[in-house]
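Here the protein sequences come in this chain order: S and X.
For the first sequence, our numbering gives the first residue as 1, with consecutive numbering after it.
For the second sequence, our numbering gives the first residue as 920, with consecutive numbering after it.
Be aware that a few hints might be false.
Beta-carbon label-pair distances, calculated as ranges [to be verified]:
#1 385(S) <-> 924(X): 25 to 33 Å
#2 200(S) <-> 924(X): 51 to 59 Å
#3 743(S) <-> 924(X): 53 to 61 Å
#4 944(X) <-> 469(S): 41 to 49 Å
#5 385(S) <-> 1006(X): 53 to 61 Å
#6 938(X) <-> 510(S): 26 to 34 Å
In short, the hints are calculated from the structure, not lab data.
None of the values given here were measured: they were computed from a predicted structure.
Here a beta-carbon is modelled for each residue, glycine too, at the ideal position from N, C-alpha and C.
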Amino acid sequence: MVQDLSTLTAFIDGEPMRFNDGDTVLKFIDRHRGRGHVPTLCDAPQLEPYGACRVCSVEVAMQEDGPRRVVASCHTPLTAGMHVFTESPKIRKLRRNIVELVLTDHPLDCLTCEVSGNCELQTVAAKVGIRQVRYPSGANHLNRSKDRSHPYMTSELSKCINCSRCVRACDEVQGQHVLSMHGRGFNARIIKGLDQSFMDSTCVSCGACSQACPTSAISDVFFSKSIEATRKTRTVCTYCGVGCNLNVATKGSEVLSIQAPTDSEVNHSHTCLKGRYAFKFVKHPDRLRKPLIRYNGHFTEATWEEAYDYIAKNLQRIKEEHGGNAVGGISSARCTNEENYLMQKFIRVGFGTNNIDACARVCHSPTAWGMQKAFGTGAATNSIEDLEYTNCILITGANPTEGHPVTGSKIKQRVMKGVPLIVIDPREIELVPYAKHHLQLRPGTNVALLDMFAYYILEAGLIDQDFIKKRCENWEEFEQGLRNLNLDESERTHGVPREKVRAAAIEYASAKGAMAFHGLGVTEHSHGSKTVMTIADIAMMTGNIGRPGVGVLPLRGQNNVQGAADMGCQPHQGAGYLQVNDEANHKLYEEFYGAHMSNEIGWKIPQMYDAALAGKLKALWIMGEDVVQTDPNTEHVKSALNALEFLVVQELFMTPTAEFADVVLPAASFLEKSGTFTNGERRVQRVNAVIPPIPGTKSDGQIVCDIMQRMGIPQADYTPDGVLAEIARIVPFFKGATWENLTDQGTQWPIKEGGIGTEILHVDSFKRGLGKFHFFRFQESKEIEKHHDEFPFILTTGRILEHYNCGTMTRRTGNAQIVTEDLLAIHPDDAAKKGIESGDMVRIFSNRGEVNMKAKISTEVKPGILYTTFHFPENLVNMVTSSECDEDTMCPEYKVVAVDVEKVPASSMPKKQRMMEIA
Amino acid sequence: MALAIPAELESKIDEVITHYPVSKRSAVLPLLHLMQHQFRFISDEIVNWVAAKLSLEPIQVLEVVTFYPGFRQTAPGKYHIRVCRTLSCAMAGSYELMDSLCQAAKIDRSHVDHHHPIAVSEDGKYSIEFAECLASCGFGPVCMVEDDFFEKVEPAKAGELLARYSA
């Protein structure tokens, strides 16, 4: 029923007020009288109304002097003309008595309690006017033991008031179902898992329960809720492409704790254990604190002046002797937009070369490339918020609950509410039990499977003719390709029964709106770009583009991998994705920078290694990337770095890559600098320094500005707003961005004049005009063709929630106590054949090398497939990975490696070398 | 050690699940009844099995088990006795009946509390617990041995009652 606006009025203590359709009584009061006017205990803004504590009780009547009824305001819907009485004597008495009863079973040790001063129970008790507890002390739960088992989470359930906020946070925010209420009545109590400790339960340490708990019953080792901070600074997390907003509490230059702001559009008071708890690396003793210069093979501490002079002298010499093309730069998706922008400017302007690339090369370069080919823009078409409006979710080659935890939990929440989920993944990921369809294909056969998926959409007549005709081109060729598919061959290739593919395809295509997410399981293949384009095809053929609840959304891996490419850290495109070998663009850049620029496409990262080995690349500058540990085929990378004449590395820690450097510059972490990150949904967000750089270090942006000035390249001093203003003048889709108008919530690009953002791309037309269909026939990876006979297993790699990449940061935090090693998952049938048991040390070998790791027997993989995470580089899993890569972008094929496996006899076990000491 | 589910039970379970097409979570309760009938009590292993069967987290099953006193979390004796202690029976002597049954069956109830309501005899043959109303208020005290129902049980005849279950 549509409400007449004039009737949207109700009364608070006699005063008429407007309300919104769908308001509860409490929401209505909160809006007009402020949160806290009506006290609450079990209600929390991030949770659904629950109505358990009854402290929020009010009296309601349909006429001012009509009969009144007491209701819990939090879950009572408001109706027009309702009279709400918030402070009647009866209500005051009721509330006071409820709180009094709560206090009979609560330790009254407020003065020494962790949350004293920040305790909601304390606030509510004061608000309702408790002066004494009239009840004698009787049976109680005051002697429950504390749980101190976990590196982060703590509990002291004698402080628990049974409001179930933690249970609901675990269910409704995270979706982990670790907490629940055991028993009932007076004996009800909170349990973790099957009545275990935090450490032994399946808790993922997201901290949602701790943030939701109104007392100190569940908290964390940093006392996040009650922290006595001198300052709280809002910034953006550095751990993944979700871009969670964080409130960081500091005292002087000490980071005390991190919480998630409730008003954040990206993460709504939620974040994961990396964002919330993994910050202790900042002051770790291993941090580099002085520039290091290598003289005669040994590092010597130096001043910044000495280091800059040494670098300038050497780079000038190399430029003069070998030309600017002998210099290259690798920028970092961990760094800010401003730093990435400066880095590419430094290389392009300073050396007249386009030899600039970033770590997007090894993760999402196929996404940027493929989506540009299909749509014209290499970025997510929609926002994560669209999950609220979608009718079907397709995830291809991504594991969001581990890799993008907050997006993962949002997906899980939607699926638990009935939105069908399709997972295309060779492994049984955490979301699979929730999925309606799991297409468990052989690694490396995405194109074969997605072609079949598209074929069945076509066959079922579920294509959007109108959309295809008006908005797209090249349909005929694509359709022809699908019609000529050999389904038998296709089915044999990917190994998923065709009926399952058909059912999933029909599910996707018949949904009113369907969102397609993908991750590195799509891109890190020899046909990565082609898979991205095929996903784009499927979205276009079903008209799933350009409106809420649809789209193609790459789950960008690192916090600023979107930004690194936007800022031009790619050898073929400058800032703002303008092709460097286009004459008009070249002119534009030369005029803008007032310098001679190259109009030749530069080297991609793998080509830089080859050029170094061929003696063509002499100097390399790496900003915040550990290529030795993270790029494939380690030996090849090492020999390339060895072949260089001069290597500069900006780093937080002495990484294996930094070990190869001639100069190592100590950089500042994300908590020590300001700038902007662009998350996976194109949202440009402000990163604010919460503490100054630790003594001896400088932010990456500052370092690049310093060296440019030292080398005589015109560059102003580093300020985040100053650099952003320069970016806005050259990057078309940053045109309206200023430091101020990005606001706390950030703005999604393209940003128009006045700071107006764009939530959905390609609404009326595609960026490239018409959306272009591309048909690709499956081709076997060369890795399999060349090596499968000799190495019959396929090894594929992925991530785990607790660690980030090679663990440089997370392994210097408490996370290292939670997950201590990488394990190799092997199917029980294969394990039996090879005589391997869980926990056995096994040797995995390819034609490149071998590694040893511990086996875990699991049905998460199919027979013939092995799986491992890659966060413990001492295992050196990249010793076995290949140099095969995506044909279009040279993104390495980490996901398909031909290997064999065998049990290592206990006697011949090599001593495990640890590269890092964990604090 | 894997839980051995008889094929007949599993097919019954599969059939029961079809009664709940909207949310499999609703099948927790009937599945727990079937499992308790088969295995006499609900072990953690059973909790995990039911959770996996219904694609739930184990805690979502455990919370149901602990909410209802009718589900046992520890093994009962060969013959499980439930003595009603609700008002009419209590007035008619259910506490005396409990005492004399315990004496006859050699059951020590001193460790019984809310979380551990069941006491088992030394030889494991009998176990006993108080139950709420068994719906025969006019004929207290009443008790049940397994699924057999007894009314107006005189405490003095506890031994006689147990003798029927001596096998």
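Evaluated hints:
1. At about 44 Å, the CB distance of residue 385(S) to residue 924(X) disagrees with the hint of 25 to 33 Å.
2. A hinted range of 51 to 59 Å is violated for the C-beta pair residue 200(S) and residue 924(X), which are about 26 Å apart.
3. For residue 743(S) paired with residue 924(X), a C-beta distance near 57 Å keeps the hint of 53 to 61 Å intact.
4. Restraint check, residue 944(X) to residue 469(S): a C-beta distance of roughly 45 Å satisfies the suggested window 41 to 49 Å.
5. Between residue 385(S) and residue 1006(X) the C-beta distance comes to about 57 Å, which sits within the given range of 53 to 61 Å.
6. Remark: the range hint 26 to 34 Å for residue 938(X) to residue 510(S) is upheld by a beta-carbon distance near 27 Å.
Checked against the numbered hints above, the structure violates hints 1, 2; every other hint is satisfied.
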